Amino acid sequence: MDVVVENLDVFARGFWLTVQLTLLGAVGALLLGTLIAAMRVSPIPPLRAFAVGYTEVVRNTPLTVVFTIAIFGLPKLDLTTSLFRFAVLALAVYTSAFVAEAVRSGINSVAAGQAEAARSIGMSFSQTLSLVVLPQAFRNIVPPLASIFIALLKNTSIAAAFGTREGTQTMQQLINANGQAVIPIILASAAGYVVLALGSGFLFSRLERRLAVAR
Amino acid sequence: MSSQVVLYDVPGPRARRRVLIGSLVGLLLLGALLALLLRRFADNGQLEPEVYRPFLEQPLFWERLGDGLRNTLKAAAYGLVLALVLGFVLAAGRLSQSVLLRVPATVVVEFFRATPLLLLILAIFLAYPILVGSSIDPLWALVAGLTLYNGAVIAEIVRAGVQALPKGQTEAALAVGLSRGQTLRVVLLPQAVRIMLPALVSQLVVLLKDTSLGFIIAYEELLRTSRFLVEAPEFSRSSLQVFLVIAVIYVVINLLLGRLAAYLEGRQRKQFGGGTPQVETTTL
Chain Z
1 MDVVVENLDV FARGFWLTVQ LTLLGAVGAL LLGTLIAAMR VSPIPPLRAF
51 AVGYTEVVRN TPLTVVFTIA IFGLPKLDLT TSLFRFAVLA LAVYTSAFVA
101 EAVRSGINSV AAGQAEAARS IGMSFSQTLS LVVLPQAFRN IVPPLASIFI
151 ALLKNTSIAA AFGTREGTQT MQQLINANGQ AVIPIILASA AGYVVLALGS
201 GFLFSRLERR LAVAR
Chain A
1 MSSQVVLYDV PGPRARRRVL IGSLVGLLLL GALLALLLRR FADNGQLEPE
51 VYRPFLEQPL FWERLGDGLR NTLKAAAYGL VLALVLGFVL AAGRLSQSVL
101 LRVPATVVVE FFRATPLLLL ILAIFLAYPI LVGSSIDPLW ALVAGLTLYN
151 GAVIAEIVRA GVQALPKGQT EAALAVGLSR GQTLRVVLLP QAVRIMLPAL
201 VSQLVVLLKD TSLGFIIAYE ELLRTSRFLV EAPEFSRSSL QVFLVIAVIY
251 VVINLLLGRL AAYLEGRQRK QFGGGTPQVE TTTL
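Chains Z and A are the protein sequences, given in the same order.
Going by my numbering, the first residue of the first sequence is number 1, and it counts up by one from there.
Going by my numbering, the first residue of the second sequence is number 1, and it counts up by one from there.
Check the hints yourself; a few may be wrong.
[As the list claims (entries may be wrong)] The following residues of chain A were derived to be distant from chain Z, with all beta-carbon distances above 12 Å:
id, residue
1, Pro-116
2, Leu-118
3, Gly-177
4, Val-187
5, Arg-269
[To be verified] Estimated spans, in silico, between C-beta atoms of each pair:
id, chain 1, residue 1, chain 2, residue 2, range
6, Z, Ala-191, A, Ala-218, 23 to 29 Å
7, A, Leu-30, Z, Ala-177, 49 to 55 Å
8, A, Ser-135, Z, Asp-78, 56 to 62 Å
What the hints contain is simulated information worked out from the structure, not anything from laboratory work.
Everything numeric in this text was worked out from a predicted model, so none of it was measured.
Beta carbons are placed, not taken as given, at the ideal position from N, Cα and C, and that holds for glycine.
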């Protein structure tokens, strides 16, 4: 137990990086995912086809492979940046496919009359989507988005395997340095994730209630 | 509702022309993106024949890749079977009347669902030698992690499947004198399994993708094998291409599994009508 208390600052630093990766990855995934979902429902066939291809390919590739291609593959094309940015990029691209699927099902869940009414007062496709359908869709997809972002939080641990010093990497290093206290270290690291996951789950359910009332 | 028809009018002649123009612009944009990518490849010598020749001239490469794939599938198969067993046991615990079974099962499910799988695998791999005194085969560390995590997820799928059944099923079973255990085993589970089959197959996709985490504990699965292969001098120039081959293998296998899930879902809908309860999962 002493090891955990002594290294509380090390844990805090590791999990702060976990939080950063999660937030930046979530913002990137939300933007990219919404764009892909808009392409998917658009009247333009090539964009629709591209969106379908993108979601299917990205969704079915393991995140570790996405990381490998980003960190070891992109430099081959003379695209280099810091490990942290590559990690955010990989997480955002991977998660965006799931966000796109959630947004699309959210769009489908908005009552047909809403879009019909918008069109009948002369709104174009992009106006219908951005002013009428999407604001309502986002409300419906708070629960699925919540589970996607909690999964993203857990997925940031994969950055550890590529040398980013976040929560899981911190655990590995502490175990290597303090072999006798392996159980407390593991429990403390797991507790870090459980606390973060439960905390964000709580925030999301408050958000959900807030938005539900606003309707 | 099908959004394709609702979000925009059925195109008339002018709108059709606009869609056509939009399509051309869209194609042009996507083409420009592709051209930019190819340009990047070409500028960095990634399109030269030497980069692709080793794939044709080194049969050993495909052999090693086959070994990696076999190891991936092996870990996934063990993981799936054990996770199914664990999942059904935990679900039975969560559905039980007794608090002594329900609370521990709930805690176990919530804990393993909230912990990153990578951390689980790593923890098992690092803690086992210290606690037991002998080292653990990476395969079993990976399978143990996959079992615990997916077992917890499957337990939730099973629970959702059982709870989606009409209440009358339980009541009727109890009324004819079956015990609680018999009700679950003989009446509820056989029906629930059908409802949750698509969700279970989707979870199999997740499990298969997650076997790639084995590379961190030096289990010789597909990704690890590829990382090893690009160290070879013949492939030092084609590492990007090797990784893309790995991605394609995963995508093809998972697309096939996805098709299976969609087929099962369709068949289920046909058999039981549109009102059949569905089990939703996030397959991340």
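Hints, one by one, checked against the model:
1. Pro-116: violated (4 Å)
2. Leu-118: It is violated; A/Leu-118 is separated from chain Z by about 4 Å at its closest Cβ, not greater than 12 Å.
3. Gly-177: holds (40 Å)
4. Val-187: holds (30 Å)
5. Arg-269: At roughly 16 Å from the nearest Cβ of chain Z, A/Arg-269 sits farther out than 12 Å, so the non-interface label holds.
6. Z/Ala-191 to A/Ala-218: 23 to 29 Å: holds (27 Å)
7. A/Leu-30 to Z/Ala-177: 49 to 55 Å: Taking Cβ atoms as reference, A/Leu-30 and Z/Ala-177 lie about 50 Å apart, which means the hint holds.
8. A/Ser-135 to Z/Asp-78: 56 to 62 Å: violated (41 Å)
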